[in-house]
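J.: All chains should be built: construct the whole structure from the sequences, respecting the hints.
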Amino acid sequence: MADARGSIHGEWSSGLVFILAATGSAVGLGNLWRFPYLVGENGGAAFVIIYLLCILLVGLPIMIAEITIGRQGRRSPINSLLAVSRDEGRSRYWSLLGWLGVAAGFLILSFYSVVGGWALFYVLQSLLGSFQGITADAAGELFETFVGSPVDVLIWHTLFMVILFGIIAAGVRKGLQRAVTLLMPLLFVILLLLVGYGMAASGAFQEAVAFMFQPDFSAVEPGTVLTAMGQAFFTLSLGMGAIMVYGAYLPRNESIPRSAGWIVGMDTGTALLAGLAIFPIVFAAGMEPGEGGPGLVFVTLPIVFGEISFGFALGILFFVLLSVAAVTSGMSLLEPATAYLTEQGGSRIRAAAIIAGLIWLLGIACGLSLNVWGDFHLLPGMNVFDALEFVSNDIMLPLGGLLIAIFVGWQMRVHSVARELGLSDESTGFQLWLFVTRFVAPAAVILVFLNALGLFGG
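Residue numbers 255 to 712, in my numbering, belong to the letters of the sequence shown in order.
These are calculated hints, taken from the structure and not from any lab test.
Every residue, glycine too, gets a C-beta built ideally from N, C-alpha and C.
A portion of the hints provided could be inaccurate.
Cβ-Cβ distance ranges computed for the label pairs, FRET-style [said to hold, decoys possible]: (1) E398 - L307: 31 to 41 Å; (2) E475 - M636: 17 to 27 Å; (3) W353 - M636: 17 to 27 Å; (4) R667 - D629: 48 to 58 Å; (5) E398 - M636: 16 to 26 Å; (6) R506 - G628: 43 to 53 Å; (7) R427 - G515: 37 to 47 Å; (8) G635 - L307: 26 to 36 Å; (9) V405 - D679: 53 to 63 Å.
T.: Have a look at this one:
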């Protein structure tokens, strides 16, 4: 039975460690690289408000549901869904939802590791003083030369995957737990230092606050909601198996709703702090945040770090922060497939090596699509990198979240869910969450899919 089921992979030593680990999964390049440039491209505060609504009405309820499956199943996402389906008397084919999550995480890490390699490369460049006095043309050339070099991209992609393999191969307590307890406090300290610097540049900080929190809804376009929803799933690591497998290691005596609330709050706060750290620096240099796109972090910021006071130290801090966030998220993407392969028999080290190796190979294709394979389109108008990002982020993650909400909200017995959450099935809080999980969150995801299909005329 579910009550007697234990995790063969081990458990977190406390609820706090789980919160740090899941927050580390959620806080990554999505917060520090993707969120700021999406805010810049989608009208600032209007996008932020839509994003926060997506987090509250969709992200938090589905995160609670995903953790619930993981802790009851106590296995990888695939086997957790198989076990919970049996517990609830449902079809074993619900385990396909676990496969969807593991596959999404696999695909995401293949291109995520390439960008993680960029972050590591820029740590080295900041230490070498490459940004000092750099011009806009030189910053663009630095990035384009690096990304355009198959050898350089491969080297740094490989280094990033080796780091992740080392952590995952060591196990839950010796690998994952040690990494998050060291890296997450470091991440928050660096981020707060950068925000503190932004506040010191008072005029630019006020401009950044206005940009992020004074909405102009005329800037909202039909695709803005889809983008915000995709970012909500991407940043919270929903639908990719990461939160579910971390939930499998959560001790029984810890509250799922409270833990999920802390995770969502810390992740969202980190994204907002990242904006308050980055935008004052950009505004202080007289630049526009919407112009950089994905290159905001890797092209625009190096220019700024080369011009402002303490830019050398700030550049080092920022790219170390970016690398730490990439590692904490990356290891959560590698864990679900590794856990599943371990459960099939054999050592964890061997499982981690096989999965990391396969992702590394696919990551090579993503890296090469930015240079020598640039003319090859996996989907119309999309190279391998862009196609995998689109399929995983805009389709697989929302679909996974939708099915998680349906499974927990409609397929699991109400008293089973309430017991796992430590709540009375008649309590107001539980009934509100159940309503949102059954109706609001699925409806929101379905509307996003209809919008993506162009059925709203956008």
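J.: Indicate, hint by hint, whether the structure satisfies it.
T.: Structure-based check of all given hints:
Checked against the hint of 31 to 41 Å, the pair E398 and L307 passes, with Cβ atoms roughly 37 Å apart. Against the hinted window of 17 to 27 Å, the Cβ-Cβ separation of E475 and M636 comes to about 20 Å, which satisfies the hint. Between W353 and M636 the C-beta distance comes to about 24 Å, which sits within the given range of 17 to 27 Å. At about 54 Å, the CB distance of R667 to D629 agrees with the hint of 48 to 58 Å.
For the hinted restraint 16 to 26 Å between E398 and M636, the CB-CB distance of approximately 20 Å keeps it satisfied. Checked against the given bound of 43 to 53 Å, the beta carbons of R506 and G628, roughly 51 Å apart, stay inside it. Between R427 and G515 the beta carbon distance is about 25 Å. The supplied range of 37 to 47 Å is therefore violated. A beta carbon spacing of about 30 Å between G635 and L307 agrees with the range 26 to 36 Å that was offered as a hint.
Judged by the Cβ atoms, the range 53 to 63 Å given for V405 and D679 holds: they are separated by roughly 59 Å.
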